[in-house]
Amino acid sequence: MARRIGFRYLFERSPGIRIAIFAGKGGLGKTTSSAALSYRLSKMGKRVLCFSTDPQASLSDIFEKDLFGKGEIEISENLYVLEIDADKRIKEYIESIRQKIKDMYKIEEIPREVEDYIESAAAEPAMYESAVYDAMLDVVSQSKYDFYVFDMPPFGHGIRMVAMADILSKWVDKITEARRQAYEYEKAASRLKREKYTEREDQLLKELENIRDRIVSFSKLITDPKGTAFTMVLVPEKMAIVDTERALKMFEELGLRMSGVVVNQVYPPVILRDPRAPEYLKKKVEAQIPMLREIYEKFGDLILAIIPMFRREPRGLEMIEEVSKELWESTITLDDLEELSRR
Amino acid sequence: MITIGDNVEETSGKKGFRGLFSRLSEAIYGMALHGQVTAIMKEKMYIEYLFMLMTIGDMMGIPILPPYYTLRLLPYMVPNIKGWKLRMLRERDFTDIVTG
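Protein chains in written order, with this note's numbering: chain A, 1 to 343; chain B, 1 to 100.
Just to be clear, a hint being listed does not mean it is correct.
[Stated by the list, open to error] In silico SDA-like links for lysine to any residue, alpha-carbon gap of 25 angstroms or less:
id : chain 1 : residue 1 : chain 2 : residue 2
1  : B       : Lys-42    : A       : Asp-202
2  : A       : Lys-187   : A       : Leu-205
3  : A       : Lys-196   : B       : Tyr-46
4  : B       : Lys-82    : A       : Ile-107
5  : A       : Lys-70    : A       : Ala-86
6  : A       : Lys-187   : B       : Tyr-29
7  : A       : Lys-100   : B       : Lys-82
8  : A       : Lys-193   : B       : Ala-27
9  : A       : Lys-174   : B       : Val-78
10 : A       : Lys-46    : A       : Val-140
11 : A       : Lys-187   : B       : Met-31
12 : A       : Lys-196   : B       : Lys-82
13 : A       : Lys-206   : B       : Asn-80
14 : B       : Lys-42    : A       : Ala-189
[Unchecked claim] Label pairs and their computed distance ranges (CB to CB):
id : chain 1 : residue 1 : chain 2 : residue 2 : range
15 : B       : Gly-30    : A       : Lys-196   : 17 to 25 angstroms
16 : A       : Lys-196   : B       : Gln-36    : 12 to 20 angstroms
17 : A       : Ser-143   : B       : Gly-61    : 35 to 43 angstroms
For the record, the hints were derived by calculation from the structure and aren't laboratory data. Computed from a predicted structure; not experimentally measured. Cβ coordinates follow ideal geometry from the N, Cα and C atoms, glycine included.
Based on the provided sequences and hints, a complete structural model is requested.
Now the structure itself:
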């Protein structure tokens, strides 16, 4: 029996999946895969949101429409696309913090030492990622769609967030305790001073609890194997294989499960048997074989789909449809890969 | 010192016998309890500072929360930051040991 692969089989195995995440380095086909899966699901009558954050606005390129920073835009029936402008979001967020400080203390200018901190925090590279995760959480919590497909930015800080979620939960409990203690002291002092003590609603503690909830929900969103398909996209090249392996290991160390990998830009092995195929093309197929062998040996059953190399760049709805067919049910099977590996 | 979220309430002046009584009670308070209240407030300050270290510690180079979220807590800590930083970064010498 041929071992067929494709997202179709993933969804059959896990019918509860509502979120698909495509991660991996830039330029390997994350955005294309996200667009293709979104397209396919929308054709099946699901309301889908395809989410991307790329500052290079790849989704805009793929759908041949300017979407960057424009909010949720309907591309075709049931298919919505959101390409957020994370830099703009960060700017607005930081401005809102400044405004809050000014309003709270009725001051015109923010104290130097506070301003310094705001500026250095704003320049942190982690800021970008956090803003993206925050936006992801926002769209999911609104639950306006049946399906969410995320084109993730290169994943580094995210893994830290996931690792943190558990510790953070306990830590917030401890902090709450410390705050209560501080209040006890205050209460005692006002009693001695014979002043009236009014229990204030602790806004700070509320914020802290809200932050914890957000980080915990983000971690759940990423790591729930029943509801989320976390996928990495790679191509048959040494660096991509090494990177994916590393990410897989990192996941395992955290006790998480990756749903699988998508192998992109694979030359169809049938070319080798085609007498009319030009020699240079056959050479290219041959060159990919050792890499495909490595992918098959290292990832095996984790391979979710194989997208062949297309004759032209996947742009426009027509090409996206082509890709989506392959993503849903790949022409190249695991048996093909096995056969190639034995060569 | 101002603490997080404190409202500074001013007590209006009182007159007559009640005024005298309140003066008296203030004097008693001053003699008997002021030291104790100060000690308690000092203790509270230490907890407050510890709390700040636990939340906005990255200001001192101790990254705990992602800075994106630290910023959300920042507004509440504005009045304490200066004192806290001075205290945390102060060099300790023998007078510290002598005075505690």
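Status of the hints after comparison with the structure:
no. : hint                                       : result
1   : B:Lys-42 <-> A:Asp-202                     : 20 angstroms, holds
2   : A:Lys-187 <-> A:Leu-205                    : 17 angstroms, holds
3   : A:Lys-196 <-> B:Tyr-46                     : 23 angstroms, holds
4   : B:Lys-82 <-> A:Ile-107                     : 16 angstroms, holds
5   : A:Lys-70 <-> A:Ala-86                      : 12 angstroms, holds
6   : A:Lys-187 <-> B:Tyr-29                     : 16 angstroms, holds
7   : A:Lys-100 <-> B:Lys-82                     : 18 angstroms, holds
8   : A:Lys-193 <-> B:Ala-27                     : 11 angstroms, holds
9   : A:Lys-174 <-> B:Val-78                     : 22 angstroms, holds
10  : A:Lys-46 <-> A:Val-140                     : 15 angstroms, holds
11  : A:Lys-187 <-> B:Met-31                     : 20 angstroms, holds
12  : A:Lys-196 <-> B:Lys-82                     : 28 angstroms, violated
13  : A:Lys-206 <-> B:Asn-80                     : 19 angstroms, holds
14  : B:Lys-42 <-> A:Ala-189                     : 10 angstroms, holds
15  : B:Gly-30 <-> A:Lys-196: 17 to 25 angstroms : 19 angstroms, holds
16  : A:Lys-196 <-> B:Gln-36: 12 to 20 angstroms : 19 angstroms, holds
17  : A:Ser-143 <-> B:Gly-61: 35 to 43 angstroms : 40 angstroms, holds
The structure is inconsistent with hint 12 alone, although it conforms to all the rest.
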